[in-house]
Structure formats: structure tokens, C-alpha cells
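Engineer: Given only the sequences and the hints, what does the whole structure look like? Please build it.
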Amino acid sequence: MRIVVAITGASGIVLGQILVEELAKQKHEIHLIVSRGAEEVARHEEGIDLSKAKKKAFKVYDEKDLAASLASSSFKIDAMVVIPCSMKTLSGIANGYADNLIARAAENCLKMNWKLIVCPRDTPLSLPALENMRKLKIAGACILPLNMAYYYKPKTVSDVNNFFVGKILDALGLEHSLYRKWGGK
Numbered sequence: 001m002r003i004v005v006a007i008t009g010a011s012g013i014v015l016g017q018i019l020v021e022e023l024a025k026q027k028h029e030i031h032l033i034v035s036r037g038a039e040e041v042a043r044h045e046e047g048i049d050l051s052k053a054k055k056k057a058f059k060v061y062d063e064k065d066l067a068a069s070l071a072s073s074s075f076k077i078d079a080m081v082v083i084p085c086s087m088k089t090l091s092g093i094a095n096g097y098a099d100n101l102i103a104r105a106a107e108n109c110l111k112m113n114w115k116l117i118v119c120p121r122d123t124p125l126s127l128p129a130l131e132n133m134r135k136l137k138i139a140g141a142c143i144l145p146l147n148m149a150y151y152y153k154p155k156t157v158s159d160v161n162n163f164f165v166g167k168i169l170d171a172l173g174l175e176h177s178l179y180r181k182w183g184g185k
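Counting along the sequence shown from 1, when you hit position 132 you're at 132 in my numbering, and nothing is skipped either side.
The hints are simulated quantities; they were obtained by calculation from the structure and are not laboratory data.
Be aware that one or more of the hints could be misleading.
Distance condition first, Cα-Cα at most 20 Å in a straight line; then the derived PhoX-like pairs of lysine-lysine [to be verified]:
#1 Lys27 - Lys52
#2 Lys59 - Lys27
#3 Lys137 - Lys155
#4 Lys27 - Lys64
If you're wondering where the values come from, they're calculated on a predicted model, not measured in any experiment.
Structural biologist: The following block contains the structure:
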């Protein structure tokens, strides 16, 4: 699959990094956009080295490069994942304010009916944030909030991170063994 991964300036940058690593293991063509906000947050979140994710990507784009191939809907992709998705990026996508490559590529997904997975990372949520999620859902996006589950009995932060990334792989229709799936009672 040809997948765009956009990492934006919300807490949880490690999740975007893990997703890129998992997609690379499965040999998918990853087009990576890292926002300037994500670079800033990565400097504050311990142990985050985005150069690893950038090395695993097929191509890395600057978020301000609106002349990039991804800016055009003629550049066919299979899916896009925005992880973590800041409320600023969520608002831009939901309201058609494509002032950067992340919002523009997401807009292409919506207008071409390609899979768009948006992973908001904020709590609590404001009414405008909820309304923006509603707009995106109506437009066809998959809203995948980074809310953890307890049924698989996570023991470490890595278990929780793997659950989030596993749920994204589930939404993409990709196999994985990152967490124990619910098997019923």
C-alpha cells in the first residue's frame, strides 16, 4: 500500500514513529510529513528521535511544500493517517483550510474517497473539537481517538502504544500482532 503518515504537534509523537516502523516492516510505501509542531513536541517528549522514522519512509515532505506530489489528487494513495492529530490540524482538515501539505493531502483523501484516519490527541475535548470531528466523520474520515482499552491487560507504556498502533493497522485492514484482540468471554 502507498500510505501517507502525517505526524503533527500533539503529545504522542512516539505513536507516529511506531506506526512508520510497523508499516516499514510490512514493506508499505510510506510518504511522511512531519509538521514543525511535531518537531518541537518531539524535543520535549523523552526518547523521540524522528530521524529513525524519516529514514524508514519512502519519501519525507516539508509541511509547507504545497508543490509536492502529495498536494495533487492525481497522486494516488491508498490511505492517510494523521497521528497524533493536533486540534489545529483537525480544524484545518475539517474546515477545508488547506494551508499546508498535511491538510491538503487530507483534503485530497476526502474528495477522492480515499481512506483518511485521524487520531486526535487531546483531552478534554472542546465543543469546536467535537464539531470538527463530527464534520470529518460526515465527510468520510475514520476518527480514531487515542483512547486506551483495558481488556487486554496492558502492563507497560509500550503495551498501550502498541494497542493504539494496532488499532490503526486494524482500520487500514492490515494484519499485526501488536495487541491481544478481544476473544469474547
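Engineer: All hints are to be evaluated individually against the structure, with a verdict given for each.
Structural biologist: Hints, verified against the model:
1. Lys27 - Lys52: Since the Cα atoms of Lys27 and Lys52 sit roughly 16 Å apart, the hinted pair holds (cutoff 20 Å).
2. Lys59 - Lys27: holds, 14 Å
3. Lys137 - Lys155: violated, 32 Å
4. Lys27 - Lys64: violated, 27 Å
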